[in-house]
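For reference, the chains in residue letters:
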Amino acid sequence: SQQGEEDPQALSIQEGENATMNCSYKTSINNLQWYRQNSGRGLVHLILIRSNEREKHSGRLRVTLDTSKKSSSLLITASRAADTASYFCATETGAQKLVFGQGTRLTINP
Amino acid sequence: DGGITQSPKYLFRKEGQNVTLSCEQNLNHDAMYWYRQDPGQGLRLIYYSQIVNDFQKGDIAEGYSVSREKKESFPLTVTSAQKNPTAFYLCASRKAEENIQYFGAGTRLSVL
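As you go down the protein sequences, you meet chains Y and X in turn.
Residue 16 in this note's numbering sits at position 25 of the first sequence; the count goes up by one each step and never skips.
Residue 335 in this note's numbering sits at position 58 of the second sequence; the count goes up by one each step and never skips.
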């Protein structure tokens, strides 16, 4: 079952611009995580936000969580060509399992 | 060089054949996971194991089998009962007290 839905499915911006991706989910969660996947590779963890947190920062990444709306957003500031990848949100509801969204394909144009 | 190693990188299956995908980790992680990813899609959980000699079905376990005889190893067998096995398979592991999963580089399985 896919808990999360991501929006947009694809995003293309110019280098230096900010990129925002959104994730919605259906049930109560313990935490929400964002992962990055370069084409044909494994996933790399970016950031985790717990259900009692509203905002978290890591370098050029900013994540927000609104549990009342069951949604999260990932903001990448000052984008670089190397940020081109697919980005997935994943929710943990318990039992040490993650449920992944379908991802946003981000393309940064030089 | 610590991490999760998946092999082979590419695998081809003939009709009616069982194939086994290898996943080994030297991170001393307790939990291990197998996911399937179809083109342009997210990850779907096949099986997971939280301790040695124990594993649970995920959302799409039919046509797959696993074993967890050692902490470091969690092989996945794609059986002939899996009629549409072509996909990218990802293995992950996790420390018991952490929430983050660490992923291997994946195995791409195709049908001949």
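These aren't lab readings, by the way, just hints derived from the structure by calculation.
Virtual Cβ for every residue (Gly too), placed ideally from N, Cα, C.
A few of these clues could be false.
To be verified - Simulated DEER-style distance windows between Cβ atoms:
| hint | chain 1 | residue 1 | chain 2 | residue 2 | range |
| --- | --- | --- | --- | --- | --- |
| 1 | X | Glu339 | Y | Gly7 | 44 to 52 Å |
| 2 | X | Asp315 | Y | Asn21 | 22 to 30 Å |
| 3 | X | Val329 | Y | Asn21 | 22 to 30 Å |
| 4 | X | Asn330 | Y | Ala72 | 16 to 24 Å |
| 5 | X | Ser387 | Y | Arg41 | 23 to 31 Å |
| 6 | Y | Arg51 | X | Ala358 | 18 to 26 Å |
| 7 | Y | Gly7 | X | Asn330 | 50 to 58 Å |
| 8 | X | Asp315 | Y | His36 | 20 to 28 Å |
| 9 | Y | Ser49 | X | Gln318 | 23 to 31 Å |
To be verified - Among chain Y residues calculated to face chain X with C-beta under 10 Å, some are:
| hint | residue |
| --- | --- |
| 10 | Glu(-3) |
| 11 | Gln0 |
| 12 | Leu2 |
| 13 | Asn22 |
| 14 | Tyr26 |
| 15 | Gly33 |
| 16 | Arg41 |
| 17 | Ala76 |
| 18 | Ser77 |
| 19 | Ala86 |
| 20 | Gly92 |
| 21 | Gly94 |
Okay, the hints, checked on the actual structure:
{"no.": "1", "hint": "X:Glu339 <-> Y:Gly7: 44 to 52 Å", "result": "holds (47 Å)"}
{"no.": "2", "hint": "X:Asp315 <-> Y:Asn21: 22 to 30 Å", "result": "holds (27 Å)"}
{"no.": "3", "hint": "X:Val329 <-> Y:Asn21: 22 to 30 Å", "result": "holds (25 Å)"}
{"no.": "4", "hint": "X:Asn330 <-> Y:Ala72: 16 to 24 Å", "result": "violated (46 Å)"}
{"no.": "5", "hint": "X:Ser387 <-> Y:Arg41: 23 to 31 Å", "result": "violated (40 Å)"}
{"no.": "6", "hint": "Y:Arg51 <-> X:Ala358: 18 to 26 Å", "result": "violated (46 Å)"}
{"no.": "7", "hint": "Y:Gly7 <-> X:Asn330: 50 to 58 Å", "result": "holds (52 Å)"}
{"no.": "8", "hint": "X:Asp315 <-> Y:His36: 20 to 28 Å", "result": "holds (22 Å)"}
{"no.": "9", "hint": "Y:Ser49 <-> X:Gln318: 23 to 31 Å", "result": "holds (26 Å)"}
{"no.": "10", "hint": "Glu(-3)", "result": "holds (8 Å)"}
{"no.": "11", "hint": "Gln0", "result": "holds (8 Å)"}
{"no.": "12", "hint": "Leu2", "result": "violated (14 Å)"}
{"no.": "13", "hint": "Asn22", "result": "holds (6 Å)"}
{"no.": "14", "hint": "Tyr26", "result": "holds (8 Å)"}
{"no.": "15", "hint": "Gly33", "result": "holds (4 Å)"}
{"no.": "16", "hint": "Arg41", "result": "holds (9 Å)"}
{"no.": "17", "hint": "Ala76", "result": "violated (13 Å)"}
{"no.": "18", "hint": "Ser77", "result": "holds (9 Å)"}
{"no.": "19", "hint": "Ala86", "result": "holds (8 Å)"}
{"no.": "20", "hint": "Gly92", "result": "holds (5 Å)"}
{"no.": "21", "hint": "Gly94", "result": "holds (5 Å)"}
When each numbered hint is compared with the structure, violations occur for hints 4, 5, 6, 12, 17.
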